[in-house]
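Using the sequences provided together with the hints, build the complete structure.
Number of protein chains: 2
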Amino acid sequence: MIIVNTGDGKGKTTAAIGQIIRSLGQGFKVCLIQLFKGESFYGEQKILTKLDNLDFFSFSKEHPFCIKGVSLQEAAERCKPALEKLKELANEPKKYDLIVLEEFNISLRDNFINKNEFIGLVKALSEKSDIIITGRGAPQELTDIADLVTEMKEIKHPYNKGVKARKGIEF
Amino acid sequence: MIIVNTGDGKGKTTAAIGQIIRSLGQGFKVCLIQLFKGESFYGEQKILTKLDNLDFFSFSKEHPFCIKGVSLQEAAERCKPALEKLKELANEPKKYDLIVLEEFNISLRDNFINKNEFIGLVKALSEKSDIIITGRGAPQELTDIADLVTEMKEIKHPYNKGVKARKGIEF
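Residue numbers (the numbering used here), protein chains in the order written: chain A, 1 to 171; chain L, 1001 to 1171.
To be clear, the hints were calculated from the coordinates, so they are not data collected in a lab.
Remember, it's a predicted structure, so these values are computed and weren't measured experimentally.
All C-beta atoms in this analysis are idealised placements derived from N, C-alpha and C, irrespective of residue type, glycine included.
Check each hint, because a few of them may be wrong.
[Unchecked claim] In silico contact screen, one side only, chain L against chain A (beta carbon under 8 Å); selected entries:
hint: 1; residue: G1009
hint: 2; residue: G1018
hint: 3; residue: L1024
hint: 4; residue: Q1026
hint: 5; residue: G1043
hint: 6; residue: E1044
hint: 7; residue: Q1045
hint: 8; residue: I1067
hint: 9; residue: S1071
hint: 10; residue: L1089
hint: 11; residue: L1098
hint: 12; residue: D1130
hint: 13; residue: L1148
hint: 14; residue: E1154
[To be verified] Between beta-carbon pairs, the in silico distance windows are:
hint: 15; chain 1: A; residue 1: E141; chain 2: L; residue 2: S1040; range: 37 to 45 Å
hint: 16; chain 1: L; residue 1: N1111; chain 2: A; residue 2: E92; range: 35 to 43 Å
hint: 17; chain 1: A; residue 1: M1; chain 2: L; residue 2: N1091; range: 29 to 37 Å
So this is what it looks like as C-alpha cells:
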C-alpha cells in the first residue's frame, strides 16, 4: 500500500511516526529514511533510534531554505545517497514491512530527486512493503499511484499569531 | 496549548502518537487517556506501555457502534471515570507536560461526556499542560478555544475500494 501524508497543516510527520510505532507494536520491521532533518534536534529521533526492528537513515540533513550556507546544489547532491538507498531496497529481497520516506515530497518539489525515477522506485518497493511518503505539496503523479492520501489541512495555527515553534510540539 | 486533530481522514490518532514520541524524546512527561479502544489490539499500545515517562489510561474500551452488546448507556457510564481523571488532573499540581485525550471528540458527539464540562476542564488543564484532543467531528466550541486545529482530510482511501482495515496500518 502506498500512503501519502501531505498538506500545509501539522501532523504529516507525527502521523508517520505514529504509524511506525503502530507497525513496530504489531511485530513488523520498519525502515525510516529521513531528509532535511538534523539529527538529535527532533524529539522523536531520540526514542526511535532506541527501538528494535527499526532501521533509521538520515540524508541531506540541512535544507537550504532552513539552514544558511547550504546551496541548492549541495542539498541535491546530498539527496543522491537517499535515492541509492531506495534502489538498493528495491533490488534486494523484502527486508521491511513498512518503509517511511520522510519529506521526500519536498525533495521532488525542489528537484533534488528526479520525480519519475522516484515514482518508479516507490511502485517497485510497494510490491514488497507498505510505503509512507510525507511532505507538503505531494505531486499529482504520486497521489495518482497512492492508495491512501491524507491532506493535513490547517484550520487554525498559532504561527499565524506569531507563536514560535516549540520543543516537544514542532520538534 | 490546545491542539485538535479532527476530520474524516487517516492520521488523527497516529499524529497524536507521534506527538507523544516527540515529547518523550525531549524529556517531557506525558499522559495518554484513551477512549473506545480495546487494549492490546492496537499496535501502538504495545510500544507505548513500555516507555518511561508516559502514563497510559484507557476507559470505555468498547464503543457501541463497533462492539455489539454494549449499550449507549453503558458506554456513557464507562466514560465517567475518564472525566473524573480529568478533574483529578485539573485539581492537582502540574504532573504532565502533555496530555493526550484520544477519541474524546466522539464522546462529545455521542453525549457520553458533557461538552461544557469537558471544555471547562480542557481550559483548566491547558494552563498547566499542552493538550491534544483527537476524534472526528470536533465541536465548534472546542475548536474555538483551541490554538492549533488540523483537519485530516481524506483525499483517497482504500476502504472506498473495499479494502479492509489492516494490521500495522489501521490498528
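Here's how the hints hold up against the structure:
Residue-level restraint check for G1009 of chain L holds (minimum Cβ-Cβ distance to chain A is 4 Å; threshold 8 Å). For G1018 of chain L, the shortest C-beta to C-beta distance to chain A is roughly 3 Å, which falls under 8 Å, so the interface hint holds. Satisfaction of the interface hint for L1024 of chain L is found here, the shortest Cβ-Cβ separation to chain A being roughly 6 Å, below the 8 Å cut-off. Evaluation of the Q1026 of chain L hint against chain A yields a held restraint, the C-beta minimum of about 4 Å falling below 8 Å.
The criterion of a C-beta within 8 Å of any C-beta in chain A is met by G1043 of chain L, whose closest approach is roughly 3 Å, and the hint holds. Below 8 Å, beta-carbon pairs count as interface contacts, and E1044 of chain L has one with chain A at about 5 Å; its hint therefore holds. The restraint placing Q1045 of chain L at the interface with chain A holds, with a minimum CB-CB distance near 7 Å, inside the 8 Å limit. The interface hint given for I1067 of chain L is violated, since its Cβ lies 20 Å from the closest Cβ of chain A, which is over the 8 Å cut-off.
Interface restraint check for S1071 of chain L: the shortest CB-CB distance to chain A comes to about 30 Å, outside 8 Å, so the restraint is violated. Because the beta carbon of L1089 of chain L sits about 18 Å from the nearest beta carbon in chain A, more than 8 Å, this interface hint is broken. The closest approach between the C-beta of L1098 of chain L and any C-beta of chain A is roughly 7 Å, which is under the 8 Å cut-off, so the hint is satisfied. Satisfaction of the interface hint for D1130 of chain L is found here, the shortest Cβ-Cβ separation to chain A being roughly 6 Å, below the 8 Å cut-off.
At about 6 Å, the closest approach between the beta carbon of L1148 of chain L and any beta carbon in chain A falls short of 8 Å, and the interface hint on this residue holds. The restraint placing E1154 of chain L at the interface with chain A holds, with a minimum CB-CB distance near 6 Å, inside the 8 Å limit. Taking the beta carbon of each, E141 of chain A and S1040 of chain L are about 40 Å apart, inside 37 to 45 Å as hinted. Under the hint 35 to 43 Å, the C-beta atoms of N1111 of chain L and E92 of chain A, about 53 Å apart, miss the expected range.
Distance hint check for M1 of chain A and N1091 of chain L: the Cβ-Cβ separation is about 45 Å, which falls outside the suggested range of 29 to 37 Å.
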